[in-house]
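Protein chains in written order, with our numbering: chain A, 1 to 103; chain B, 1001 to 1103.
Don't read these hints as lab results, they were simulated from the structure.
Using N, Cα and C, we set each Cβ at its ideal position, and we do this for glycine too.
All clues stand as given, with none of them false.
Ranges between beta-carbon positions, derived for each pair: (1) A:Asn31 <-> B:Gly1048: 32 to 42 angstroms; (2) A:Asp17 <-> B:Asp1057: 15 to 25 angstroms; (3) B:His1097 <-> A:Gly16: 19 to 29 angstroms; (4) A:Ala94 <-> B:Arg1072: 16 to 26 angstroms.
For the chain B half of the interface with chain A, some residues (derived, Cβ under 10 angstroms), not all of them: (5) Pro1002; (6) Met1019; (7) Val1020; (8) Ala1027; (9) Asn1031; (10) Trp1038; (11) Ala1044; (12) Gln1049; (13) Phe1086; (14) Glu1087; (15) Asn1089; (16) Ile1095; (17) His1097.
Residue-level listing of the chains:
Protein chains: 2
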Amino acid sequence: MPYLLQVDFDMDGPFGDAMVQAFSGLAHSINQEPGMIWKIWTEAAAQGQAGGVYLFDTHANAESYLQMHSARLLQAGVRNLRSRIFEVNEALSAINHGPVQAG
Amino acid sequence: MPYLLQVDFDMDGPFGDAMVQAFSGLAHSINQEPGMIWKIWTEAAAQGQAGGVYLFDTHANAESYLQMHSARLLQAGVRNLRSRIFEVNEALSAINHGPVQAG
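Work out the full structure, taking the sequences as your base and the hints as a guide.
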């Protein structure tokens, strides 16, 4: 059963193209994290907010990643970090074309 | 450019299979909402929490849906409703296989 991790926080940037330049190396490294299926990178420059929504294969892998990533984000200076790990309701998500298939 | 809407809240259920029974009609109706590309239904029964993560085609469509859906959720008795609308960083999401293509 897939699990969704959502993380968001306040930060001063970079956003947009500068965010791509700053974090593309990090993005590639995230592909190596155990059980990580996909990540959507989110940002709201006008509000000074950013985050990520991830699909993981198990709750344990989502939790392990969150512990590591939270520490990394806080060290980088983000504020008001908020995270949630949810089970995916696969039957309802299937009705709405939710992309929750592993692999 | 796609926009991600994330919504979560406290509720007493239903969860799991009972949630599917209760909300499959609603799920089908959500497919008719303007600009809705997909929705992932989320739940955490042990924490008494649930929510949804959506991809929309425009900020305006995400905002219109959120207004309508928030009112519906509050009327249904959910508590501590929290919502965010984010731009998707497409280049970083592409590196991490994020499913953010329209259609």
